[in-house]
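Chemist: Residue numbers (full-length UniProt numbering), protein chains in the order written: chain A, 1 to 262; chain B, 1 to 478; chain C, 1 to 404.
No farther apart than 25 Å at their CA atoms in a straight line, the calculated lysine to aspartate or glutamate pairs in the DMTMM-like style are these: (1) A:Lys260 / C:Asp299; (2) B:Lys392 / C:Glu314; (3) B:Lys28 / C:Glu313; (4) C:Lys190 / A:Asp227; (5) B:Lys199 / B:Glu174; (6) B:Lys269 / A:Glu149; (7) C:Lys333 / A:Glu242; (8) B:Lys365 / B:Glu237; (9) A:Lys180 / C:Glu354; (10) A:Lys199 / B:Glu297; (11) C:Lys333 / A:Asp181; (12) C:Lys10 / A:Glu109; (13) A:Lys199 / B:Glu301; (14) C:Lys100 / A:Asp227; (15) C:Lys331 / B:Asp139; (16) B:Lys339 / C:Glu313; (17) B:Lys339 / C:Glu274; (18) A:Lys193 / B:Glu295; (19) B:Lys293 / A:Glu198; (20) A:Lys212 / C:Glu51; (21) C:Lys229 / A:Glu258; (22) B:Lys32 / C:Asp362; (23) C:Lys190 / A:Asp124; (24) C:Lys331 / A:Glu233; (25) B:Lys269 / A:Asp181; (26) B:Lys339 / C:Asp318; (27) A:Lys193 / B:Glu294; (28) B:Lys273 / A:Asp50; (29) C:Lys351 / B:Glu124; (30) A:Lys145 / C:Glu81; (31) C:Lys394 / A:Glu242; (32) A:Lys180 / B:Glu322; (33) B:Lys224 / A:Asp12.
Just so you know, the hints here were simulated from the structure itself, not pulled from any lab data. For clarity, every value in this text was computed on a predicted model and none was experimentally measured.
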Amino acid sequence: MKIIVCIKQVPDSSDVAIDPESGTLIRMGQNAKTNPYDLYAIETALRIRDEVGGTVTALTMGPPQAEEMMRDAYMMGVDETVVMSDRKFAGSDVLATSYTLSQGIKMLEGADLIICGKQTTDGDTAQIGPAIAEHLDIPHVAWVKSLEEVNDRFIAVVHQMSGHVQVSEMPYPCLITVDKDIFVPRLPSYKTKLSTREKEVRFLSFADLPDKNLSRFGIIGSPTQVDKMFPPEAAEGQVHIEGNSVEKANRLVALLSEAKIL
Amino acid sequence: MPFPYHKINGQDIAHFRTIIGEERIVEKEAVKKEYHHDEMPEYGVYAPDLLIEAINKEEISQIMKYAYEKNIPVTVRGAGTGLAGGATCKYGGILLSVMKMNRILGVDMDNMTITTEPGALLSEVADAASAAGLFYPPDPGERTASIGGTVVTNAGGMRAVKYGVTRDYVRAIEAVLPDGEIVNFSSNVVKNTTGYDLKDLVIGSEGTLCILTQVTLKLIAKPKLTWSLVIPYDSIEHCISTVPKLLKMSFVPTAIEFTETDVLDMVEKHLNKRFPDRSSDAYLIVMLDANTKEEMEKMVEEAAGTAIGAGAKDVLISNTAERSASVWSVRAGTLEGLKADSLSQEECDVVVPRSKIAEYVLEAKKISKKHGIRIVTVGHAGDGNIHTELLKDPHLTEQEWKVNTHACLEELYAVSKRLGGQLSGEHGIGIGRLEHMRHFVGERMYRLFQSVKMVFDDKNILNPGKVVALDSKGRCGA
Amino acid sequence: MNFIHFDVDKCSLCHVCIEKCPFDALHMGEKGIEVGEACRMCGICVKACPEGAIRFEQKAGQADKSQWSGILVFAEQEQGEIHPVTLELIGEARRLGGPKGYEVNVALIGGEGTAERAEMLKRYGVDKIYAYEHEALGSFKADSYTKVMADCITRMQPSVVLVGATALGRSLAPRLATRFHTGLTADCTKLEMRENTDLVQIRPAFGGNVMAQILSTESRPQFATVRHKVMDAPERSAVATGEVVFCEVAEEMVSSAIKVRSVHAAERSCGIEEEDVLVVAGRGVKDEKGMELVKALADVLGGQVCCTRALVEEGYGDPTRQIGLSGRTVKPKLIVTCGVSGSIQFASGMKNSECIVAIDADPEALIFNIAHYCINDDLYEVIPPLVERLKQKKEVCSHAFSLS
Numbered sequence: 001m002k003i004i005v006c007i008k009q010v011p012d013s014s015d016v017a018i019d020p021e022s023g024t025l026i027r028m029g030q031n032a033k034t035n036p037y038d039l040y041a042i043e044t045a046l047r048i049r050d051e052v053g054g055t056v057t058a059l060t061m062g063p064p065q066a067e068e069m070m071r072d073a074y075m076m077g078v079d080e081t082v083v084m085s086d087r088k089f090a091g092s093d094v095l096a097t098s099y100t101l102s103q104g105i106k107m108l109e110g111a112d113l114i115i116c117g118k119q120t121t122d123g124d125t126a127q128i129g130p131a132i133a134e135h136l137d138i139p140h141v142a143w144v145k146s147l148e149e150v151n152d153r154f155i156a157v158v159h160q161m162s163g164h165v166q167v168s169e170m171p172y173p174c175l176i177t178v179d180k181d182i183f184v185p186r187l188p189s190y191k192t193k194l195s196t197r198e199k200e201v202r203f204l205s206f207a208d209l210p211d212k213n214l215s216r217f218g219i220i221g222s223p224t225q226v227d228k229m230f231p232p233e234a235a236e237g238q239v240h241i242e243g244n245s246v247e248k249a250n251r252l253v254a255l256l257s258e259a260k261i262l
Numbered sequence: 001m002p003f004p005y006h007k008i009n010g011q012d013i014a015h016f017r018t019i020i021g022e023e024r025i026v027e028k029e030a031v032k033k034e035y036h037h038d039e040m041p042e043y044g045v046y047a048p049d050l051l052i053e054a055i056n057k058e059e060i061s062q063i064m065k066y067a068y069e070k071n072i073p074v075t076v077r078g079a080g081t082g083l084a085g086g087a088t089c090k091y092g093g094i095l096l097s098v099m100k101m102n103r104i105l106g107v108d109m110d111n112m113t114i115t116t117e118p119g120a121l122l123s124e125v126a127d128a129a130s131a132a133g134l135f136y137p138p139d140p141g142e143r144t145a146s147i148g149g150t151v152v153t154n155a156g157g158m159r160a161v162k163y164g165v166t167r168d169y170v171r172a173i174e175a176v177l178p179d180g181e182i183v184n185f186s187s188n189v190v191k192n193t194t195g196y197d198l199k200d201l202v203i204g205s206e207g208t209l210c211i212l213t214q215v216t217l218k219l220i221a222k223p224k225l226t227w228s229l230v231i232p233y234d235s236i237e238h239c240i241s242t243v244p245k246l247l248k249m250s251f252v253p254t255a256i257e258f259t260e261t262d263v264l265d266m267v268e269k270h271l272n273k274r275f276p277d278r279s280s281d282a283y284l285i286v287m288l289d290a291n292t293k294e295e296m297e298k299m300v301e302e303a304a305g306t307a308i309g310a311g312a313k314d315v316l317i318s319n320t321a322e323r324s325a326s327v328w329s330v331r332a333g334t335l336e337g338l339k340a341d342s343l344s345q346e347e348c349d350v351v352v353p354r355s356k357i358a359e360y361v362l363e364a365k366k367i368s369k370k371h372g373i374r375i376v377t378v379g380h381a382g383d384g385n386i387h388t389e390l391l392k393d394p395h396l397t398e399q400e401w402k403v404n405t406h407a408c409l410e411e412l413y414a415v416s417k418r419l420g421g422q423l424s425g426e427h428g429i430g431i432g433r434l435e436h437m438r439h440f441v442g443e444r445m446y447r448l449f450q451s452v453k454m455v456f457d458d459k460n461i462l463n464p465g466k467v468v469a470l471d472s473k474g475r476c477g478a
Numbered sequence: 001m002n003f004i005h006f007d008v009d010k011c012s013l014c015h016v017c018i019e020k021c022p023f024d025a026l027h028m029g030e031k032g033i034e035v036g037e038a039c040r041m042c043g044i045c046v047k048a049c050p051e052g053a054i055r056f057e058q059k060a061g062q063a064d065k066s067q068w069s070g071i072l073v074f075a076e077q078e079q080g081e082i083h084p085v086t087l088e089l090i091g092e093a094r095r096l097g098g099p100k101g102y103e104v105n106v107a108l109i110g111g112e113g114t115a116e117r118a119e120m121l122k123r124y125g126v127d128k129i130y131a132y133e134h135e136a137l138g139s140f141k142a143d144s145y146t147k148v149m150a151d152c153i154t155r156m157q158p159s160v161v162l163v164g165a166t167a168l169g170r171s172l173a174p175r176l177a178t179r180f181h182t183g184l185t186a187d188c189t190k191l192e193m194r195e196n197t198d199l200v201q202i203r204p205a206f207g208g209n210v211m212a213q214i215l216s217t218e219s220r221p222q223f224a225t226v227r228h229k230v231m232d233a234p235e236r237s238a239v240a241t242g243e244v245v246f247c248e249v250a251e252e253m254v255s256s257a258i259k260v261r262s263v264h265a266a267e268r269s270c271g272i273e274e275e276d277v278l279v280v281a282g283r284g285v286k287d288e289k290g291m292e293l294v295k296a297l298a299d300v301l302g303g304q305v306c307c308t309r310a311l312v313e314e315g316y317g318d319p320t321r322q323i324g325l326s327g328r329t330v331k332p333k334l335i336v337t338c339g340v341s342g343s344i345q346f347a348s349g350m351k352n353s354e355c356i357v358a359i360d361a362d363p364e365a366l367i368f369n370i371a372h373y374c375i376n377d378d379l380y381e382v383i384p385p386l387v388e389r390l391k392q393k394k395e396v397c398s399h400a401f402s403l404s
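From just these sequences and the hints, can you work out the full model?
Modeler: Here you go:
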């Protein structure tokens, strides 16, 4: 079985703020790390590989520094890593990013199973996985919380809906996005670091891709634009509810309804 | 006569009302039950006659002058997070809370110190230091402890391997003596050879010598990176025998903890917290601090080489906050997991020389077998402070549990002593360890302890019945 | 249609696409294959073309905004029930579209009973309710739901499509937006419509530390997902103004690679850490009757009962549900503390909860320092009317859908 895991390098802290004067983003964390949610995807891929056999390839789109993240992926036990890096990819939104990744997957001659984390800690959109599946025209299931059955023909997964859990089965090729806590991600291994020292991280650029239509990549291929960023409104202060007991009860329900907590 | 103590009456309360605001005096029946015990009600539940919440040292001084004159016992209380029954009114009297004295008076950047009142929480002090770009290392796990409480119990924690314990960070103490006088122990200086070092006597005195009203603590530069290594072993012997080797490296690890697979099972089963590796029987968890990634990578190389050379199966690297959380949240959930897995628990927190940890752990396993009591050892491998948990299983009768745990404890303390260890490495003596104290330290040493107590507190009114016991006359030896 | 793109160099004019199109939307024109109005974006032709000459495409900067008007709301159904976020989306759609005189239409997709449930939506000020009923749509399958929604979007050509940011919505919307090669903004907390019909979408980013304002100025439709309990639901009107449009579900739309093995109610997690709503009993609870009150409150709020350490010691509390330092750390959306004094040890285990309601008889109780809503009263006095009021509110809500 061939498994591709799509991962992303994110700032090591989402502890950011907006400069009230200039309106620009102040990033606190300078270091980068693998998006924590993607570690669950890698762990899921490695477990499936270890059970069913096959290979795991980690794929990302990002700056060349993503190589460091791929070293980490090697230390976790993936077999192959690919970084799609090109200035032409800069400014990609969900549509362009998912398209670029789907092009990368085509370059790798596809996969039986594609696994994504549920979302990233910087974008929080949780949209890339289903969008890739659409570009590749393969079925997907999102928010997978556990695996029910995996073999060389199909995968059956348990996934969360609003008030229910659903068990869905798909043949390959297909895509899943996995929820946090599906498994505890393994830690990078020092011994594996030594044994994968010579392994290369493959780089792909725009020129390598099958689709050369620039209008589908980067900022040109991105229908959404971030117009501006601003700090969230400060949380409201404390409310003391007065009156007799019945009045207090009624007032509380009214306030909680107003605040959409109920 | 110092004993029996004077029973607080209406006249006394009226007097206290002239010193303290009405709303900060709570009479016996109205005192909330959480003030009757600390985090270990097993070591006694005692109702105070009066709860007073002081807001400054002058108030405390006046309270003590009166209490000294009238012979009323006074027990000081911080956040009440102790684990030895230390901050409870064993003989009734006044419970003096310092939690309203919680101002952090400031960080002195030139001297690299922070000065605070005793009721500030450890977490608040650590955060204030961090906000100034500095670091207060002692972290006994309990971050909602009052800072005063951590000083008078000389709190340790796992970072002691590299950074030492609370004692190593106390520069100066301002305190009220039992007779009400306000004194200063040392000042904000790095060296001091001015007579006896009474400041060090006060640290760890568990509120039996004086009442801390202000403390100045040393801060250090904040390390920029913290990583952890999880090191799996097939046997606990190889696991523990790596520790002295790790301590001989070219740098000092911040913390070295050990845990075994049965503990991980319990935490997983009861708290649903899963450790990131379950392939092995025993694990060392090593924390490393560094300022640059290059420095960190070098430390990891050296530690990994050392561990694998000593029989480790691999070295797993936790290099992000999330990964570290998956490691340390399991370690932090250990006590709760053990509690959930047993009907009752008894604990001893001995400390042994680091070279003797393996021997102690193996002896503990033998003692467990001999008395039919489940004993789990976890803890601070790097500093020799081993939390030894005795667990009650359902098949034991109350009587068997009581008799057998007592026998286990006696033997465990004897082993610790034989190996050159001490009765308590953390949490103090309080009430919980009192019965074993005299035998452990020996008659002459115990009399010295009693004499020290009497020098500070000749009427034995300050937190009586803790650390050293009262004799039949209510005196404390000498 | 500008979505289906024929690569003239590759097209061999073999007619396979024309034959395979289930909607009879493709015709041979003068300059090659032409796409007609009947196209439902099903994608059959893309797959059928032996030359690989057909693909979906709408380049950024190509949409003619005048061709797209009105707002389409995706009405989520789960196991035969309309998700309450639907009404909130309708309310928001009406607010946004009002000034432009936009139609507000709803797409309701599901299995048996869908057409009946469509009737319920008629009284919320919507124009059309497109009902797609087919037994194969009874459970969610991302691929077939995408095809059905694509059909509806092609029919209506809305300027904006609103989808609930539920597990289902967030699985469906990105797939759909990709099919139309347009922008999707997830988890919007605020929406505004500009004069030129551009939707101003505001959402939290970086874990809520920053708000981002996002626009899709060149493409249509504009997709946004919105969380439950963010927007205002409209009042139910006495008159039914909406019209139900029964839409044919072609077999191609329901063909799916996904097989649903089973659907069952989500199990309550055994731990209290995962719960959204918690009601805590503290020392103010003096007896079994007090515990019953707390339980009743938890039931009506749909949450679980927890306790303080003090209550465990009193023998009323379950130690596995104890919050605080020597117990669990929780971060629910709503926590109601009943008779809890709020010691540091307790507070450290729950102070990061999103909304804290404190009920305690002691005005000096520490819990009031951290609570968002403070009720200084005896819990035995306040909880009974509170439970009563919450029950009334619940009934009103459940009636909203049951009366047509």
